[in-house]
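Peer 1: Order-wise, the sequence lines are chains A and B. If you're matching positions, the first sequence starts at 18 in this note's numbering and goes up one per residue. If you're matching positions, the second sequence starts at 1471 in this note's numbering and goes up one per residue.
Careful: at least some of the hints might be erroneous.
[Stated by the list, open to error] Derived BS3-like pairs (lysine-lysine); straight-line CA-CA distance at most 25 angstroms:
| hint | chain 1 | residue 1 | chain 2 | residue 2 |
| --- | --- | --- | --- | --- |
| 1 | B | K1568 | A | K357 |
| 2 | B | K1552 | A | K240 |
| 3 | A | K293 | B | K1544 |
| 4 | A | K293 | B | K1485 |
| 5 | B | K1483 | A | K293 |
[As the list claims (entries may be wrong)] Where chain A lies over chain B, by a calculated footprint (3+ residues, C-beta under 8 angstroms):
| hint | segment |
| --- | --- |
| 6 | 1495-1508 |
| 7 | 1585-1596 |
Since the hints were derived computationally from the structure, they do not count as laboratory data. Because the structure is a prediction, the values reported are computed rather than measured. Every residue gets a Cβ at the ideal spot worked out from N, C-alpha and C, and that includes glycine.
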Amino acid sequence: MNIVYVPRDTASVSVGADTVAAKFKAAGYKVIRNGSRGAAWLEPLVEIDTPDGRVGFSCVRPSDVDALINDAFGHDAPHLLDVGLIKNIDYFKKQTRHIFAKSGEIDPLSIDDYIAHGGFIGLKKCLKIGAQASVKQILDSGLRGRGGAAFPTGIKWQTTLDAAADQKYVVCNADEGDGGTFSDRLVMETDPMALIEGMIICGASIGATKGYIYLRSEYPLTKEILGEAIENAYQTGWLGKNVGGLGLHFDLELRIGAGAYICGEETSLLDSLEGKRGMVRAKPPLPAIQGLFGKPTIINNVITLASVPDVLANGAKAYAALGVGRSTGTLPFQLGGNIKRGGMVEVEFGHTLREIIEDFGGGTLSGRPIKAVQLGGPLGSYIHPDELDTVLDYEKFAEIGGAVGHGGIVIFDDTADMAALARFAFHFCEVESCGKCTPCRIGAVRGGEILDKIADGENVAENFALLDDLFDVMEVGSLCAMGGLTPKPVRSILKHFPAELGLKQGVET
Amino acid sequence: MATNLDIYPLESKIKLVCADHGNAADMLLEILHAVQAFNRYIPESAYQIIADCLNLSRAEVYGVVTFYHDFRQKPPAKKIVKLCQSEACQSMGSVQLKADIEKGLNSDVAIETIYCLGNCALAPSALVDGQIYGRLDADQLSALIGGTA
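Working from the sequences, and respecting the hints, build out all of it.
Peer 2: What follows is the structure, encoded as structure tokens:
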């Protein structure tokens, strides 16, 4: 039987991959749903095996299937949609894939595929060297929280290892709510076992026998795929009382959120997991010591946890050798918005933002000039074209008032309304605020009102001064980053696009 | 769900859902999702029933229902289209798309705002009947609404 690979991730399905798959199946093909390689601009990217490796056919619509079959995939003459050998495509060749090395190659739901591609080597190493040595590996690797806060993961793990308790937990923060971000979704849909192995390693390292994945409800296909992956892992003995026959106990439960952005904040997430309103908790106590149900809890982002098997398998030194400065390892950047070649680009830290946008992304989809780039989501900032040569490094972007965050890169062309985006920052905060602290709950509303007054030309100078004051109150007085960082994107718009907000020149507020 | 609910009255259905989740207070979000899955919204009568099953106060249940955007307190339109209005979709015209599509819709269809479907490289995106659609324009969206896509 002829084999054809048809991707199955949210992006490829959103442009017809399921219908394409069904048509091939109806035509008698064995259809392998191979996750996705994360190049949204090529989806649905259909692949076949050849003696030289896998060959791809881009943007295949259901109406193209018959022609592809009849042409025997361009056996005699190159087919229109043929993009050649996957391994020769620059978009993939120029990446440094560690987390996403298997994505698009394997069937995400095949444990056999996972093992054949190096799965569980990290876990076995972890059990061989023991809990403390494993935590030391994570510390020495320089791995930092990939959700966006970039806190050293090893320090969190050490704190939880040191905390004595009858029960500890590993919680995966899969509430990827930032606009412009989709790398968590992509790894969960294309290589879920990497996340699961990472969580098992964490459990073995800190002494936790139970894990939870808190997945946002806006990811229905992810829920399906991840749910099936967990089921498969249980059935093949890679979750449960005796993981992989290695004498380790680890249970994993998938839980679903209910549309609240704030539940991406770690303490709010813990309250949500406890069946409550997602209210942010004061720290201390740190979740590492008193977290889920009051027990020592590691709560890490999806990409952080999915990076763990590689760190254990290949060693901290190899991981720390990648990247620059204190930004070690790789990050899967996500190119979105008005971009020609959008998708996930995994590279070491150290490239410039321009390289990602131009070399990989090809500039805007519209062909119009780039006006602004939102980096780091709604709590990041808008980068001006003059700043695109900044190196992608946590500290370097912080220095210019920006943030790498979770790595979401959203491109805007010159039709973008920066005043509307500034207004949106406060609106989003107002809608998503948990409501606990006044600077955020009230500040978001007042910030919006002040911008509206400025737009109406009302007491402009006084209102700008008031806005500056409000920024300080929110940044210093908020309980968490929701209120604390909402001023960040607005400050960046004030600095780079003052005229659009009614200012004569750039304001460093 | 372990039990076939179709033949039971609402109160019994809700109690069965709670029991299926071990009457565990930390499963409240899961329980509310399950109730909304068969009832399309969380009726007021559900608060006390769930509170009793989970040993919570009525206020606590009400607090959770009203906190999360997903939970509806009133019956919704027959067809719900959740159109993303986050930044990446905004950069590709989703605000105007929403304004355009809302004109001349009957009460059978509701266009709701959702913040990010994780399909940012294929904006504008929408969630309809549990499926995510990307690279949408006004025509495709109309077709989706009309059920002819």
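Peer 1: It remains to establish, for every hint, whether it holds in the given structure.
Peer 2: Status of each hint after checking the structure:
1. Between K1568 of chain B and K357 of chain A the CA atoms are separated by roughly 23 angstroms; this keeps the pair inside 25 angstroms, and the hint holds.
2. Under the criterion of a C-alpha separation no larger than 25 angstroms, the hint pairing K1552 of chain B with K240 of chain A is consistent with the structure, at around 18 angstroms.
3. At most 25 angstroms may separate the alpha-carbon atoms for a hinted pair to count; K293 of chain A and K1544 of chain B meet this at roughly 21 angstroms.
4. With a C-alpha separation of about 19 angstroms, the suggested pairing of K293 of chain A with K1485 of chain B holds against the 25 angstroms cut-off.
5. Restraint check for K1483 of chain B and K293 of chain A: satisfied, since their Cα atoms lie roughly 22 angstroms apart, inside the 25 angstroms limit.
6. Residues of the segment 1495-1508 of chain B with a Cβ under 8 angstroms from some Cβ of chain A number 8, which satisfies the need for three, so the listed coverage holds.
7. Figure legend: the segment 1585-1596 of chain B, annotated as covered by chain A; annotation consistent (10 residues with Cβ-Cβ distances under 8 angstroms, at least 3 required).
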